[in-house]
Amino acid sequence: GAAHNNQTGIAGVMPEVTIVAIKFLSDSGSGGTDQAIAAIEYAIKAEVDVMSNSWGGGKYSEALKETIMKASNAGIIFVAASGNKSSNTDEEPHYPSSYDLPNVVSVGALTAQNKIASFSNYGANTVDIAAPGKNINSTVQGNKYKVYSGTSMAAPHVAGALGLLISQTGRIPHEEMMDRLIATAEPVKRLRGKVKDYSGRLNAYNLLSNTRPYKNIPKESDWESVAVEVFESAHPYVADSNVSKSYRVPGAKFLRIKVRKMDLEKSYDYLKVSAKGVVYDKISGQGENRTSVYIDGDSVDIQFKSDSSVNNWGFVIDEIEAVR
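1 is the number of the first residue of the sequence shown in my numbering; add one for each residue after it.
These are computed hints drawn from the structure, not numbers from a lab. Nothing here was measured: the structure is a model prediction, and the numbers come from that model. There could be a bad hint or two in this list.
Mimicking DMTMM-like on lysine to aspartate or glutamate, the simulated pairs with C-alpha atoms at most 20 Å apart in a straight line are [unchecked claim]:
hint: 1; residue 1: Lys282; residue 2: Asp90
hint: 2; residue 1: Lys282; residue 2: Glu92
hint: 3; residue 1: Lys196; residue 2: Asp307
hint: 4; residue 1: Lys245; residue 2: Glu321
hint: 5; residue 1: Lys146; residue 2: Asp90
hint: 6; residue 1: Lys245; residue 2: Glu175
hint: 7; residue 1: Lys258; residue 2: Glu175
hint: 8; residue 1: Lys266; residue 2: Asp307
hint: 9; residue 1: Lys253; residue 2: Asp307
hint: 10; residue 1: Lys245; residue 2: Asp222
hint: 11; residue 1: Lys189; residue 2: Asp301
hint: 12; residue 1: Lys59; residue 2: Glu92
hint: 13; residue 1: Lys266; residue 2: Glu321
hint: 14; residue 1: Lys196; residue 2: Glu232
hint: 15; residue 1: Lys282; residue 2: Glu232
hint: 16; residue 1: Lys59; residue 2: Glu16
Beta-carbon label-pair distances, calculated as ranges [to be verified]:
hint: 17; residue 1: Asp318; residue 2: Asn73; range: 29 to 39 Å
hint: 18; residue 1: Ile19; residue 2: Ala239; range: 46 to 56 Å
hint: 19; residue 1: Asn125; residue 2: Glu319; range: 23 to 33 Å
Note that CB positions come from ideal geometry on N, CA and C, so glycine has one too.
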């Protein structure tokens, strides 16, 4: 890895490491599933501890999944970039990061402002953790450096941190590794609904010291329904809508909105949920009884915005949920 304290360039997450470079993609980034499988088989034979995988986007492959499971059985952690399509991988899986296997760690990209990067895929059930992935200074050929952005830059941060952990503890069961990685992550409000509950931003010190920050996450059984004044669009809604509504529930510790019915042009028309200037959620698409991520405190602000085209049915909000 990039050396520390040498007054040159950058410092790697894990400077003292043996790197096994395995290439199966062309210089233009093209490659097939068979070649990916061959690359993983090579890593198994090389007895690596961690694989950092900055590739993906192909279709589901049972053969590829089985090979990654084979790597799991060989003790290899498979860290994977979550993808760069701004998609919710709970709804639109991205492979290989979306394979539900004990050794797969799906990584989203974080900005310096502690926000999920605009390009990063996300998922409350499918993305395990976020790490720096925007404007990352990296080594390139010819003893040079270049700034890149992408989940491909975030995944190596996590792979390096897990490498440090293995150098300290030796290999540990994948379930224990995943629990420790998530539990030691720093909670970040803006990552709610973007990565798994109890997770957040990678913290290498916490991971190595097994320091687990307190995470005040309400239990599902604690939520109660609160009837509110209806907030509703026209049906269909008008172009270039920009309307807002605020609610307050005195004594509430947490709030989340519940959209009884919605039909919005996906990604382009949305409900923005915020509090005290922090945006917690953007809700778009179709559904019924859709709840937002939870926010801290007793007040919530909702803004509906639409563009100039495709005016769908709209939305109705007539209740919110609170934890007192």
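Item to complete: Would you check the hint for Lys266 and Asp307, treating anything up to 20 Å between C-alpha atoms as holding?
Response: With Cα atoms ~11 Å apart, Lys266 and Asp307 stay inside 20 Å; holds.
Worksheet item: Taking the beta carbons of Asp318 and Asn73, is their distance inside 29 to 39 Å?
Response: The hint (29 to 39 Å, Cβ to Cβ) is violated, given that Asp318 and Asn73 are roughly 51 Å apart.
Discussion item. So if I understand the rule, the pair passes when the alpha-carbon distance is 20 Å or less; does Lys282 with Glu232 pass?
Written reply: holds (16 Å)
Discussion item. Between the alpha carbons of Lys253 and Asp307, is the straight-line distance 20 Å or under?
Written reply: Distance ~34 Å between Lys253 and Asp307 Cα, so the pair is violated.
Fill in: Holds or violated: Lys245 to Glu321, with C-alpha atoms at most 20 Å apart
holds (16 Å)
Worksheet item: Are Lys146 and Asp90 close enough, with their CA atoms no more than 20 Å apart?
Response: violated (32 Å)
Worksheet item: Is 46 to 56 Å right for how far apart the beta carbons of Ile19 and Ala239 are?
Response: Roughly 53 Å apart at Cβ, these two residues keep to the hinted range, so it holds.
Item to complete: Measure nothing beyond the straight line between the CA atoms of Lys59 and Glu92; if it is 20 Å or shorter, mark the hint as holding.
Response: holds (11 Å)
Discussion item. Given the hinted pair Lys258 and Glu175, is their Cα-Cα distance within 20 Å?
Written reply: Given pair Lys258, Glu175 is violated - Cα atoms ~34 Å apart, limit 20 Å.
Discussion item. Would the hint linking Lys245 and Asp222 be met if the CA-CA limit is 20 Å?
Written reply: violated (25 Å)
Practice prompt. Hint says 23 to 33 Å; check whether the CB-CB distance for Asn125 and Glu319 agrees.
Written response: The hinted range 23 to 33 Å holds for Asn125 and Glu319, with Cβ atoms some 24 Å apart.
Discussion item. Against the 20 Å threshold, does the CA-CA distance of Lys189 and Asp301 hold or violate the hint?
Written reply: At roughly 16 Å apart (the allowed maximum being 20 Å), Asp301 and Lys189 satisfy the hint.
In summary, the structure is inconsistent with hints 3, 5, 6, 7, 9, 10, 13, 14, 16 and 17 from the numbered list given earlier, while agreeing with the others.
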